[in-house]
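Peer 1: Work out the full structure, taking the sequences as your base and the hints as a guide.
Protein sequence lines correspond, in order, to chains A and B.
Residue 743 in the working numbering is what sits at position 89 of the first sequence, and the numbering runs on without skipping anything.
Residue 191 in the working numbering is what sits at position 190 of the second sequence, and the numbering runs on without skipping anything.
Because the hints were derived from the structure by calculation, they are not lab data.
Computed from a predicted model, the values in this text were never measured in an experiment.
Backbone N, C-alpha and C fix where the C-beta goes; we use that ideal spot for every residue, glycine too.
Do not take every clue at face value.
Computed beta-carbon distance windows for the label pairs [said to hold, decoys possible]:
| id | chain 1 | residue 1 | chain 2 | residue 2 | range |
| --- | --- | --- | --- | --- | --- |
| 1 | B | Ile114 | A | Tyr831 | 27 to 35 Å |
| 2 | A | Asp828 | B | Phe49 | 55 to 63 Å |
| 3 | B | Gln226 | A | Trp816 | 52 to 60 Å |
| 4 | B | Ile114 | A | Met885 | 20 to 28 Å |
| 5 | B | Phe49 | A | Gln748 | 39 to 47 Å |
| 6 | A | Ser870 | B | Arg276 | 29 to 37 Å |
| 7 | B | Ser184 | A | Gly928 | 47 to 55 Å |
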Amino acid sequence: MIIQLIVDRLKQLIPALLGVALVTFLLVHLIPGDPVALLAGDRASPETIAAVKTRYGLDQPIVVQLFYYLKNIAMGDLGQSLRFRIPVTELILQHLWPTALLMIMTILITIPCAIILAALAASHQDRPLDHAIRAFSVAGIAIPVFWIGIVLARIFSVQLGWFPVAGFGEGLWDNVYHLVLPSITLAIGIVPVLARNLRASLLEMMEADFVTAARSKGVPESYIFKRHVFMNALIPNLQLFGVIVAFLFGGTIVVEKVFAIPGIGQLLISSILGRDYYVVLGLTFFFAVFTMLVMLIVDLVSMLIDPRLRS
Amino acid sequence: MNALAIPMRAVRQLPGLFIVGFVITFAWIAVAILAPVLAPYDPDAIAFDALLTAPSPDHLMGTDQLGRDIFSRVLYGARVDLFMGVVGLIVPLVIGVFLGLLSGYFVGWTDTIIMRALDITIAFPFLVLVLAIVAVLGPGLSSYFVALALVAWVPYARLVRGQVKLIKQTDFIAATTSLGFGSTYTLIRHVLPNCIVPALVFAVTDFVLIILYGSSLGFLGMGAQPPTAEWGVMIADGQTYLSTAWWISFFPGLALLTLGVGAALLGDGTAKLMRVER
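Peer 2: Set out below in structure tokens:
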């Protein structure tokens, strides 16, 4: 039953995947200049040029080229980095860990903060604490993450010396230590959005008939909150959380630049500035596929929690 | 039936935060217009005898690594960032509303194509796709505007399409059609005015995001290019001098934050106002 659901959702993913590949293919073709010259380098011999042309099918009509591109992508070949002369896939894998750790830490900070703020606001509805949290969550979308990062670095790294100013360090604990400020920075950007929506769904659930029913049966208020209100309020926010993870990718790019973290965000920026087009578009494709996977997982988890979504 | 009319009762019940947002936003618009009058220095004037000076009565927000007056640059920066927000907003708004109208009104292949394009666009993280397009076109503000036109229309198309689908079922649209008016007339005269409100409400919030993403691009070196007095570019300038001259990054960021918060409160208030009316 669950396996059937997963298979169905994966099938729905195929047209979107093809579309994403089509977009990156089009972008590759919009690049100014001759792609062969880019791929083979300025001083390439005629043999190399011919080999590159055949490998990427650049001597073929555009429809055939698209076919080659899709085939290469399906086999995990996103092209060759012009700067590093290694496959784009390999380059991405080399830079993946710092970004992954940064995102994990951000999510671990975000979730408890968002839940606490939302629960506090909802339980103090229309009182000063609620107003303060709501104002923060409305204003929160306007916080420039890169600036907050710089301000935090100035206070906690330069002034107080508690954390390193930049870099990633060696070994897991050192890595985590280096990412404390960056992940707090990112969390400041997303906690307000999540808290705001969670508060709204908590309040909605508190008015629900099944909560009134539980209350009239004399179920303790704390139990109602935990078991009925909270669990039901979680489901719509799980969907939002998927969107936020996609949004986080944008944030990591900026924050990695602020704190000089050698992740895929920095790789993207340096590749754009270095005109390393195949890395840029390979990363774009990678980001999109990853985002789709996160959405898929969110959908599946929602279905696991809520049987109503399974039909 | 005029969906844009705001009842006086709702105006009188305006939440305090909405008024705060309104005041902040329009204060920044005034600053942008009056920048040449208010700024004590030429924002681009280099002064080698006043490099990296701390905030003082002479230079309210200090000077940067080229001796330029930060206060003047922040004031002129309001022009660049507001311009970025307005231009960056209008183009996707028009495209999105247009596609949403088409997609909601004409079922069949028009709808299918637009919805497919929409699905594919949202599969990419927003900033990543914008950066990829800017990478291909080359860094700069105009590339950012092109990227926004290609990417940021999605929420508008979605909102308007949903509204059109609802409006299409109503009697007065059926009446217009049965009176023999053409689709173009019906769409522009009757469907559009009744579908545009949610899109316009969202636009106020979107304005904040477009400025934030634009200044992020400036910070990353992909948006407005130095020596333009753009807040994101100025924040990037100051990062190098973080330990010695904190004011270079701090004040442009504060400007960005206050404008953003103002517009966000305005957006939230507008959304509430429209809901009161409904």
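Peer 1: Any of the earlier hints contradicted here, and which numbers?
Peer 2: The structure breaks hints 1, 2, 3 and 4; every other hint is satisfied.
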